[in-house]
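Enquirer: Next come the chains, spelled out residue by residue.
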Amino acid sequence: MTSVPGRAIGNLTPLPLSRHIAEFVTEKCREAVRFLPVPFLLENISVLFRPGPNELTEQEYITRVLEGADAFLLLDLTNVFNNATNEGFDAREYLDTLPLDRVVQIHLAGGLASDGVLLDTHNSAVPTEVFELLRYAAPSMPLLRAVMIERDQNFPPFESLLAELDTTREVLGAFWAPHFAAELVSAPAWLGGTAHGH
Amino acid sequence: MAIKSAFPELRAEGRFQEAYARFLTDERFRELVLKPSAPGGTVADFSGAVIDRLRAMDQNRVELFAQCLFTNRVAAIEEAFPLSFKVMGHAIPTLVRALDAHDVAIDTRKYAEAARFADFVLNGGDASARSLSDSALGLLRYELIMLNLRVRPQLPAWPHSAIHSPEELRRALDHDDDVVLVLNLNHALLGVDFDVEVLRDLAPDAKSLAEAEADMIVLLHRDVNGVVDQKRLNHASAAAVLMIDGTRTFRALRVTLFSASTSPPGSLSCSPLIF
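Chains as they are written, first to last, in the working numbering: chain S, 1 to 198; chain U, 1 to 275.
It is worth saying that the hints were derived from the structure and are not from the lab. Check the hints yourself; a few may be wrong.
[To be verified] Computed footprint of chain S on chain U, listed as stretches where at least three residues anywhere in the stretch have a Cβ under 8 Å from a Cβ of chain S: (1) 18 to 26; (2) 50 to 57; (3) 62 to 73; (4) 96 to 110.
Quick caveat, the model's predicted, so the values are computed rather than measured. We treat Cβ as the ideally placed atom computed from N, Cα and C, and that holds for glycine.
Generate coordinates for the entire structure from the input sequences, incorporating the hints supplied.
Expert: Here it is, written out as structure tokens:
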């Protein structure tokens, strides 16, 4: 959520993880999927707090929406890492229960720690732990087509940015290319598959 | 994502979201909600159930998030109006809060938000805006015009009165006033022999000049090899900008510096071409 009628919040803000809200969001996404001639991707956000009631886990919520709307996932691994740190859960267990076969793009970034709380500020280097999550999860993403490093401020020397790209390529290099050639189990129409009716 | 639905559950959720959005962006409302009272009590037309849900959230994290939202808005103003930001300094947060009290943001994209802020200040939105010097207001007007040229106004979020045409900019440049002098300072490639020590002597107080050297303003700077580095502070411009006040204008500063530049060789190395 970023706004309500007559008021903008100015940032992505978590919704309650309820069945009603999941249904509502799914229906909105269905409209977008029907209307758009390109794949529709939803991104997981960084969360500092959650308004209740939370009847579902975030993974259940995301899975419901993506499957219900036949949409895909833009997985922000830094947000997973930040949320795991801030909420005290295991990031790998979280990823294990996400529909990784729907991930088309990954975002990586570095943030800021404020009193032990990680903020998604895009102003520092991608943490090693996030690259390790990439190494862990990417092999389970047959539709993965892009990885982007987000950096909005506090820019380092250009060589440092290139070094982060090199690290990303090194992490992905071992397994990413073969997936392009592999038979896709859930390829949507825009990838030449048959499983989804776009 | 606002909810408008015939379903009672979603209607209730939509009402909660109105309160939730206000809770995150309205400091006074947040204080009202968190004011000790019996569970189930209403606040500002929101039901006790809605208020209880807001109270159940992690308030330390909510406050941190709210502060981040506020900081982002101030940063957007700084990016859009760097010189004005420097001149207005500590008044900016007060002005932003005054703007919030006056009008709720409906579009927080950075340039739209900055334009809304400028419109509020230039139209004397509240007492703190009206207390700003003419020079500061002239500088903000100039930077607003420049923003108009840099970024196509994003209607309808931009206030109509904050939209300026290139013709208005041309007219502004024709004026031989303080704002134009700031413009020259901002955009001229200053000679490397410009001596900031001269400005140090003229600066109203040492603290102001220290702030000028705090790497707050990104201006064009040419090094001894003639290389322009936009990331480096132009001390001369920053120091001069800080001299804007009710008693010293850029026009007066120009006269002072020009007079100094005619002194015997070695006593001053600033270029009169700057002014």
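Enquirer: The structure should be examined with respect to each hint, and the outcome stated for every one.
Expert: Hints and how they fare:
no.	hint	result
1	18 to 26	holds (count 6)
2	50 to 57	holds (count 4)
3	62 to 73	holds (count 7)
4	96 to 110	holds (count 5)
Hint check: no violations occur; every hint is consistent with the structure.
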